[in-house]
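Reconstruct the complex from the two isolated chains, following the hints.
Heads up: the protein sequence lines correspond to chains P and S, in order.
Residue numbering for the first sequence follows the working numbering, beginning at 1 and increasing consecutively.
Residue numbering for the second sequence follows the working numbering, beginning at 1 and increasing consecutively.
None of these hints come from the bench; they were simulated from the model.
Note that the Cβ used here is the ideal one computed from N, Cα and C, for glycine as well.
Among these hints, one or two may not hold up.
As the list claims (entries may be wrong) - Some chain P residues near chain S, calculated using beta-carbon distances under 7 Å: (1) Arg3; (2) Ala6; (3) Ala8; (4) Ser10; (5) Ile12; (6) Ile14; (7) Arg17; (8) Asn18; (9) Ala22; (10) Ala88; (11) Ser96; (12) Val185; (13) Thr272.
As the list claims (entries may be wrong) - Distance windows between CB atoms, simulated: (14) P:Ala129 to S:Ala74: 55 to 63 Å; (15) S:Gly39 to P:Val266: 51 to 59 Å; (16) S:Ala187 to P:Ala214: 55 to 63 Å; (17) P:Leu211 to S:Ala70: 21 to 29 Å; (18) S:Ala70 to P:Gly125: 29 to 37 Å; (19) S:Ala119 to P:Thr130: 56 to 64 Å; (20) P:Thr130 to S:Lys131: 44 to 52 Å; (21) P:Ile23 to S:Gly39: 13 to 21 Å; (22) S:Arg124 to P:Leu211: 30 to 38 Å; (23) S:Thr12 to P:Val266: 24 to 32 Å; (24) P:Gly190 to S:Arg124: 50 to 58 Å; (25) S:His37 to P:Val26: 47 to 55 Å; (26) P:Ala197 to S:Ala70: 51 to 59 Å; (27) P:Asp199 to S:Thr12: 18 to 26 Å.
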Amino acid sequence: MKRIFALAGSEIRIALRNRWVAIIVVTMVLFSLVLSAAGSAPTGALGADKLSVTVASLTGLAVYLVPLVALLMSFDAVAGEVERGTLALILTYPVSRVALLLGKFIAHLSILALALALGYGVAAGVAFATDADAAAGLPALFRLFWTSLLLGASFLGLGYGISAYSGRPGPAAGLAIGMWLVLIVLYDLGLLAAIVADDGGFFTKTVFSWLLLANPADAFRLFNLSASSATEVAAGVGGAANSIPPLQALASVALWPILALFLALVGFRKVTP
Amino acid sequence: MTSLKLSQVCKTFSGLSALDAVGFTIEPGQRVALLGHNGAGKSTLMKIILGLIPADSGVIEVLGAAPGSAGARAQVAYLPENVAFHPALTGAEQIRLYLRLRGEAPGGADALLESVGLADAANRRIGTYSKGMRQRVGLAQALIGHPRLLVLDEPTSGLDPVSRREFYEVLDGLAAEGASILLSSHALTEVEARTDRIVILSHGRVMANDTLAGLRRQAALPTRIQIAARPGAADEVAERLAAGRRNGVTVDLDCAADEKLQRLADVTALGPLVDDLEVIPPSLDDIYNHFSRRDGQ
Chain P
1 MKRIFALAGS
11 EIRIALRNRW
21 VAIIVVTMVL
31 FSLVLSAAGS
41 APTGALGADK
51 LSVTVASLTG
61 LAVYLVPLVA
71 LLMSFDAVAG
81 EVERGTLALI
91 LTYPVSRVAL
101 LLGKFIAHLS
111 ILALALALGY
121 GVAAGVAFAT
131 DADAAAGLPA
141 LFRLFWTSLL
151 LGASFLGLGY
161 GISAYSGRPG
171 PAAGLAIGMW
181 LVLIVLYDLG
191 LLAAIVADDG
201 GFFTKTVFSW
211 LLLANPADAF
221 RLFNLSASSA
231 TEVAAGVGGA
241 ANSIPPLQAL
251 ASVALWPILA
261 LFLALVGFRK
271 VTP
Chain S
1 MTSLKLSQVC
11 KTFSGLSALD
21 AVGFTIEPGQ
31 RVALLGHNGA
41 GKSTLMKIIL
51 GLIPADSGVI
61 EVLGAAPGSA
71 GARAQVAYLP
81 ENVAFHPALT
91 GAEQIRLYLR
101 LRGEAPGGAD
111 ALLESVGLAD
121 AANRRIGTYS
131 KGMRQRVGLA
141 QALIGHPRLL
151 VLDEPTSGLD
161 PVSRREFYEV
171 LDGLAAEGAS
181 ILLSSHALTE
191 VEARTDRIVI
201 LSHGRVMAND
211 TLAGLRRQAA
221 LPTRIQIAAR
231 PGAADEVAER
241 LAAGRRNGVT
251 VDLDCAADEK
261 LQRLADVTAL
271 GPLVDDLEVI
281 PPSLDDIYNH
291 FSRRDGQ
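Bound-form chain S, shown alone (with noise of 0.2 Å):
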């Protein structure tokens, strides 16, 4: 069964379009990431998924439930963004407490506060932990219950790159067990090889929907190939290569993916005019700035 499946999914606050005919899909074991800027529709989408809000139009369906369904809750987990839990209770208390609520023997707690590295602290109270180690009990209780679909805002903003790695192998756990994951950030620097699938979204509209390989293709950005010229040499090798851009002793040359080794054997025919160079690809940046540019605003 599809874990999550949107169709022409509309939302307007007061006249102001948030999300516009929004739709994709996410079978089980897929981890989606969600990306967009501040204000694109991202925590939107997701409390309209959870059933928080409802949608204007559009088809939504959890796990084969309504969302905010009485099934769809049973399975559904989620973690918002900056989640502040009670500071007077303890990392435990708190994730008892979510056991209970989720009809779990609460006994689990201490197991489920190991798994994100937080057994030390688990008798503190959550007022002297560190942001991260918030978001990681906020991960504890995504975890209970083994739920099928995940929906995580923004789970590692706020962490430290080793925190954040060993956040996502949590993740590749559970989606090796089958659960989906949707999560959402605003960089794809954050989320790069370790989704499956990446949905952009912009002003409400969804501008890409594929793997990054694809997101690569489609995007088609010119690979940078920056050229070291001798002392003296730029502007002859500016000339003679036609290349656009120059900047002191370094030419900067802009070619597309097909036509990267003609170009560099064109820079190797040069021979001692130039001292080194160095090939560039579009970086994860550059691709998600043209999908997320390209309506034009």
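Looking at chain P on its own, in the form it has when it is part of the complex (with noise of 0.2 Å):
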């Protein structure tokens, strides 16, 4: 255990050299603060609270940023110690792998929380000065946090695997982006498409759903949208929330970070130094 915390710490340090914590965190108040301002306009029509619609725009910029955030932390960690030389040597001291993927894990899942923390706390401030009853969407601020961290998990998992099976940097890094671009981004149009081409057969009652929950960031976003008071803010596939419970997104949501790292490790396992 304190040879877990002891990795963890270092990779902090490290990550605090490179800026990668500024980085972070910069980017996430900045976002949140744009978002802010732009759900400040007049929301009567809607009946809710400033917080709940902010929750409800942050929910759609978690989506993109958290795993892409993850993504970035992860992808050299077990390649660039590869790379470096360093991998041969740490796995020749009294620490099993096991152990080392967990520094690492803590370290990045820190960062992330830091930054979330941040980011969320400047929108939620930013609605309780223009709007008395933002207290109303607390709950709601409370829920994205922990659930952006369990999506943040699932990333960092993800990543993990990637750079173990890549072996190198480079094409570790490719295959990062690679893995948002499909999982973000072309997951949700290929669904769509689908959706359209099936015209409300088979696939839009029964396999669709089941797609949905597969993928940790449409659980992510289904959770967050069916439990928030503000669904209408949501578009897109977003729409799909009424139809699925929010107790199999939330499962989907908690149990992808478990899943995730096991493959992680399962990657590392094979990999020689």
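Laid out in structure tokens, this is it:
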């Protein structure tokens, strides 16, 4: 346990020195501010408080940004150590591969938590400043925070897996970007195209909802929007939120980190330094 | 207890034989050099000893334990070839992490860095270090916790002669305390007298395993006597000595170690025909080449 924290501490120090922490925090805060400003237009027609509206827009932001940030932090985790030659060294220490991966995971998740807390905190501050009823949106904001962390954890695990399977930082970076494009952008487009082609048939009625649940990013969006009082803000695939029970979406969001870390560990065990 | 016992160790990579029936032992306090050209199997053998990759067959015993087992890992230190520590950390931070990973107090970092001559640079980032300084960080981490077996992969490559001598002084101290050392190199000139025994690998096979003096004896390479003849007398000198090779004014004479004195007497007998002479024993490189090429490849 001590060793895991020693590894995590070292990773955090590296991230601070490399300005990774600064870059991620500034990105999250800036995007949150922009969304808050955009959401501060009168929302009387929706009948929801400012914070709930902001949370709904933040959900849409987090779906794109959190996986991207998580993949950027994690793609180098194994491949970088292989390239520097430090993996061979550290594996001769009395440290298990599980501990190595967990150390990195704790560090990266902490950095993500800090960035999310600051970003969402700023957004909440803006909402409170402009709407006295903003407190009604606090549970939604809190829910967004911990599900964002779970989403980030899933993509950290997937990133470690990519890093372990590709073995070199270059290919790992390419694969990470590819995975983000496929899971976050193309996946939804593909589903929409399939629905249009299917025209209310078997696919739309059964397979579609399972495919939505299978993708951690979609499950994350479904859970947050279905639990939110401002679903009307959501568009596109988010509209499907009504047809899927929140509990199933939550199960997907919660199980993905475990599955992703397990896959990463399986890949990491196969790496010969 | 024997520090390292290898017997009939074999390893093939996709049909290509990397190690073929390798066997030797290292006793406590011994410094053994593992020599071989690139691709001879040195790094592969080291990784097998460390348990990083499995051997296909053979017996490997590291301090009485299986390679890579918890018992072995706790007492074995490793310095990989061309290791590059994270450039964003300082030397002290890097060593503190390695101390914690070995379960030692991180406060020992300063003393360790001082013992390898890095006290002044301890708080600078490794990214600013020279190659020699990075290699010293690697050596410092290998000293953590008084390991009983050190496996060092080309530790002196890229070091200047002074650094190399300091490096061997640190190793001498460790060996005197009973630690065993296995270090690899691609040149005999780099390890010379600083090791107790030399193992030469070629194409995955042990070609020699002896002390430097023993290798000299085994190789039985001819000593060369280089004679500088008086101007115009080179032909006559060559003829009277029945020497094989001649080059301008110098005559080269190759002879076995035991006929050296006789041949010198022959040369002295020529008197005024000879201007000067030089006796050149087989060089370390000659000996190394002799063994590493013995398999006829």
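Taking the hints in turn, this is what the structure says about them:
1. At its closest, the beta carbon of Arg3 of chain P sits 5 Å from a beta carbon of chain S; the interface hint therefore holds under the 7 Å criterion.
2. Hint on Ala6 of chain P holds. Least Cβ distance to chain S is approximately 4 Å, under the 7 Å limit.
3. For Ala8 of chain P, the suggested interface contact is broken, since its CB lies about 11 Å from the closest CB of chain S, more than 7 Å.
4. Satisfaction of the interface hint for Ser10 of chain P is found here, the shortest Cβ-Cβ separation to chain S being roughly 5 Å, below the 7 Å cut-off.
5. Here the hint on Ile12 of chain P is broken, as its CB sits about 11 Å from the closest CB of chain S, past 7 Å.
6. The interface hint given for Ile14 of chain P is met, as the beta carbon of that residue sits about 5 Å from the closest beta carbon of chain S, less than 7 Å.
7. Restraint check, Arg17 of chain P versus chain S: the minimum CB separation of about 4 Å is within 7 Å; hint holds.
8. Given the 7 Å rule on beta carbons, the hint for Asn18 of chain P holds: about 6 Å separates it from the nearest Cβ of chain S.
9. Interface hint at Ala22 of chain P: violated, since its Cβ lies 13 Å from the closest Cβ of chain S, which is beyond the 7 Å cut-off.
10. Residue-level restraint check for Ala88 of chain P holds (minimum Cβ-Cβ distance to chain S is 5 Å; threshold 7 Å).
11. Because the closest C-beta pair between Ser96 of chain P and chain S is about 10 Å apart, greater than 7 Å, the hint is violated.
12. At its closest, the beta carbon of Val185 of chain P sits 32 Å from a beta carbon of chain S; the interface hint therefore is violated under the 7 Å criterion.
13. Below 7 Å, beta-carbon pairs count as interface contacts, and Thr272 of chain P has one with chain S at about 5 Å; its hint therefore holds.
14. For the pair Ala129 of chain P and Ala74 of chain S, the beta carbons lie near 58 Å from each other, so the given range of 55 to 63 Å is met.
15. A beta carbon spacing of about 31 Å between Gly39 of chain S and Val266 of chain P contradicts the range 51 to 59 Å that was offered as a hint.
16. Range check, Ala187 of chain S to Ala214 of chain P: about 58 Å between beta-carbon atoms, so the 55 to 63 Å window is met.
17. Take Leu211 of chain P and Ala70 of chain S: their Cβ atoms lie about 45 Å apart, and the range 21 to 29 Å is violated.
18. The hinted window of 29 to 37 Å between Ala70 of chain S and Gly125 of chain P is violated, with their beta carbons roughly 51 Å apart.
19. Distance hint check: the CB atoms of Ala119 of chain S and Thr130 of chain P are about 58 Å apart, consistent with the given range 56 to 64 Å.
20. Hint check: Thr130 of chain P to Lys131 of chain S, Cβ distance near 58 Å, so the stated range 44 to 52 Å is violated.
21. One distance hint, 13 to 21 Å for the beta-carbon pair Ile23 of chain P and Gly39 of chain S, is violated here, with the actual separation near 42 Å.
22. Distance hint check: the CB atoms of Arg124 of chain S and Leu211 of chain P are about 53 Å apart, inconsistent with the given range 30 to 38 Å.
23. Here the CB-CB span from Thr12 of chain S to Val266 of chain P is close to 25 Å, well matched to the stated 24 to 32 Å.
24. A hinted range of 50 to 58 Å for the beta carbons of Gly190 of chain P and Arg124 of chain S is consistent with their spacing of about 51 Å.
25. One distance hint, 47 to 55 Å for the beta-carbon pair His37 of chain S and Val26 of chain P, holds here, with the actual separation near 52 Å.
26. The beta-carbon spacing between Ala197 of chain P and Ala70 of chain S, approximately 58 Å, falls within the hinted interval of 51 to 59 Å.
27. The supplied range of 18 to 26 Å is broken by Asp199 of chain P and Thr12 of chain S, whose beta-carbon atoms lie about 58 Å from each other.
In summary, the numbered hints that this structure violates are 3, 5, 9, 11, 12, 15, 17, 18, 20, 21, 22 and 27.
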